[in-house]
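Undergrad: Position 497 of the sequence shown, counting from 1, maps to 521 under the numbering used here, and the rest follow consecutively.
Just so you know, the hints here were simulated from the structure itself, not pulled from any lab data.
Check each hint, because a few of them may be wrong.
[What the hints assert, rightly or not] DEER-style ranges, computed between Cβ atoms: (1) 518 - 550: 38 to 48 Å; (2) 52 - 183: 34 to 44 Å; (3) 238 - 306: 21 to 31 Å; (4) 511 - 550: 28 to 38 Å; (5) 351 - 309: 12 to 22 Å; (6) 457 - 561: 37 to 47 Å; (7) 458 - 560: 23 to 33 Å.
Glycine included, C-beta positions come from ideal geometry on N, C-alpha and C.
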Amino acid sequence: MKQPTLLALLFLAMCWTNIIWSQTKIAIQQIDQLIKNAIELREAHDYQSALEIAEQAKKLAEEKTYVKGLGDALVQMGRCCKATFEYDLAIDCYKEALTARKSINDYCGVAGVYTNLSSIVEDLDEALIFAKRAIFSGEKKTCDGLFAYYNNLAKVYAEMGQIEMAISTNRVSLKWFPQLRDTVERIKISYELASNYHNLGERENALIEADSAFYFLSQITLYDSLLIGQMHEMRGVIRMAAEQNEGALEDFERAKKIYDKFPQAKAHQANINFNMGVLYEHQGDRKKAQKAYEECLAYADEDSDLYRAVEALVQLMITEQEKKQRARWLSYALAGLLALAIAAIILVLLVLKKERKNELLRAEASQLKHDIVKNDLQAIDNHLSIALDQTSNTLSIYKKILQLRGNIRKLLTKIGYPEYGEFGPKHLKAFVKEMHAKACEVALMEVDNHSYLDEVDDVELSKNLRTQLEAIITELFTNIRKYAQCQQATIEFSVNDNGLHIEIEDDGQGYDHLKVKANGLKHIQARLKNIKGRFKIHTSPGNGTRTKITIPEFPENHSNP
Numbered sequence: 025m026k027q028p029t030l031l032a033l034l035f036l037a038m039c040w041t042n043i044i045w046s047q048t049k050i051a052i053q054q055i056d057q058l059i060k061n062a063i064e065l066r067e068a069h070d071y072q073s074a075l076e077i078a079e080q081a082k083k084l085a086e087e088k089t090y091v092k093g094l095g096d097a098l099v100q101m102g103r104c105c106k107a108t109f110e111y112d113l114a115i116d117c118y119k120e121a122l123t124a125r126k127s128i129n130d131y132c133g134v135a136g137v138y139t140n141l142s143s144i145v146e147d148l149d150e151a152l153i154f155a156k157r158a159i160f161s162g163e164k165k166t167c168d169g170l171f172a173y174y175n176n177l178a179k180v181y182a183e184m185g186q187i188e189m190a191i192s193t194n195r196v197s198l199k200w201f202p203q204l205r206d207t208v209e210r211i212k213i214s215y216e217l218a219s220n221y222h223n224l225g226e227r228e229n230a231l232i233e234a235d236s237a238f239y240f241l242s243q244i245t246l247y248d249s250l251l252i253g254q255m256h257e258m259r260g261v262i263r264m265a266a267e268q269n270e271g272a273l274e275d276f277e278r279a280k281k282i283y284d285k286f287p288q289a290k291a292h293q294a295n296i297n298f299n300m301g302v303l304y305e306h307q308g309d310r311k312k313a314q315k316a317y318e319e320c321l322a323y324a325d326e327d328s329d330l331y332r333a334v335e336a337l338v339q340l341m342i343t344e345q346e347k348k349q350r351a352r353w354l355s356y357a358l359a360g361l362l363a364l365a366i367a368a369i370i371l372v373l374l375v376l377k378k379e380r381k382n383e384l385l386r387a388e389a390s391q392l393k394h395d396i397v398k399n400d401l402q403a404i405d406n407h408l409s410i411a412l413d414q415t416s417n418t419l420s421i422y423k424k425i426l427q428l429r430g431n432i433r434k435l436l437t438k439i440g441y442p443e444y445g446e447f448g449p450k451h452l453k454a455f456v457k458e459m460h461a462k463a464c465e466v467a468l469m470e471v472d473n474h475s476y477l478d479e480v481d482d483v484e485l486s487k488n489l490r491t492q493l494e495a496i497i498t499e500l501f502t503n504i505r506k507y508a509q510c511q512q513a514t515i516e517f518s519v520n521d522n523g524l525h526i527e528i529e530d531d532g533q534g535y536d537h538l539k540v541k542a543n544g545l546k547h548i549q550a551r552l553k554n555i556k557g558r559f560k561i562h563t564s565p566g567n568g569t570r571t572k573i574t575i576p577e578f579p580e581n582h583s584n585p
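Let's have the full structure, built from the sequences with the hints guiding it.
TA: Here it is, written out as structure tokens:
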């Protein structure tokens, strides 16, 4: 009976142990899943939810005495606190995680915790100690994380201002990369090397390492992460120092788009906008520079030196802009006054020019009246002389006196007394008859009229055209009376498609027109120019004279009275 009882007890113990182990295994899987969920939430930047899940994993791990899970949960809690800038809580979590991982001889885990501690403690000497302990702990198990640990040590040296030591440590970490093949960590070390070379002023090496970081970035799928934004920002700063302004602006713009998705990147945004403002000022684009500085103020901490400096700079730019605006308006006002002055001068000159033109026209009209009156008076004088020679014929004298009275009435009208009669006929056919009578009167002989205008429209002539033609015809028949010594003279008017034509001919003694330079011909030419006409003289000694006058634009430009 004892043996069966012992076997039964042994069986029950085994069943109980199996049940306990199964429950423990389930609890461990649950803890690991919680930690995995916390990591995913943290990487999605939902730090509060990630912290709550990690705390659940911590409590469950403490209940089940799952030390590894406890250490992992504490590490995730520390990272969440670090991301939300609760550094004191993060340090406490990391120190508890150290205790847990050391208890199970998890040297790689211990090294990772030291790395996290070195990144958040304010004392750089203490940070250096933690970074070196991470390397020491990692070397005990030849941990693949040595690459990251050395890189972290380099960061600490860089923060301490020991740039050459930082570069040297970065170079040591590179020898672990072939074993690790962690591309993200390789990107980080190239980023750090580029930043360190930049701080040393070695622009060429800095750009080489920056390009190396982007090369490794192209080998993995990593989009819109803070690391990529920092890489673009860093390369932009290097390019800016190397005076590659266009490339720097491109990198800054890309970094801005990435940082827009991360609320915790405000300090980066402030720095980027400040650098962009400097670049725009260098390019002479003050408007874009001011906008960049104002965006810098929107992101910068109001208590920071950067905020105060940029605020003063923006205020200075606004003041300068207002001064330039006032100067611009002043220049516009001066330009307007100058334009008004120039316009006034031009207006005065135009008025003076018009007045001068009017004076010339008045002088010309006066001269024309003078010539007409002179010719009419000469005709009157000639008729009086004839009348005195014919004293025996009373009827003839009476007729001459009547004719002279009519001529005097016309003369008074021409010199400014319109009540004595109208200034000659206005229409073409009546004007031709008047000019035939004028020709006979001036030449003191019967002048043949060869004009045939029955089939021509009787158009109205302008006063200017009538005045100029009468003066021209009077001048020509005065010359016939004085110099031609002719027996016969003719006048002819005709109209065709080429304009108005006037032809005056006599059978007198003629002359050599190339040698004779008479003022009368100059006056005729000037009057024809006034009415856009032209004339030709055909004459030679002993062969009489024929003068042809043409008005091409008749009657279009001369039909208005």
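Undergrad: None of the hints should be skipped; say for each whether it holds.
TA: Status of the hints after comparison with the structure:
1. Here the CB-CB span from residue 518 to residue 550 is close to 24 Å, at odds with the stated 38 to 48 Å.
2. Between residue 52 and residue 183 the Cβ separation comes to about 39 Å, which falls inside the hinted range of 34 to 44 Å.
3. Our hint of 21 to 31 Å for residue 238 and residue 306 holds, since their Cβ atoms are close to 25 Å apart.
4. At roughly 31 Å, the beta-carbon separation of residue 511 and residue 550 lies within the given 28 to 38 Å, and the hint holds.
5. Distance hint for residue 351 and residue 309: a CB-CB separation of about 19 Å, consistent with the stated range 12 to 22 Å.
6. For residue 457 and residue 561, the Cβ-Cβ distance of about 25 Å falls outside the hinted range of 37 to 47 Å, so the restraint is violated.
7. Between residue 458 and residue 560 the C-beta distance comes to about 24 Å, which sits within the given range of 23 to 33 Å.
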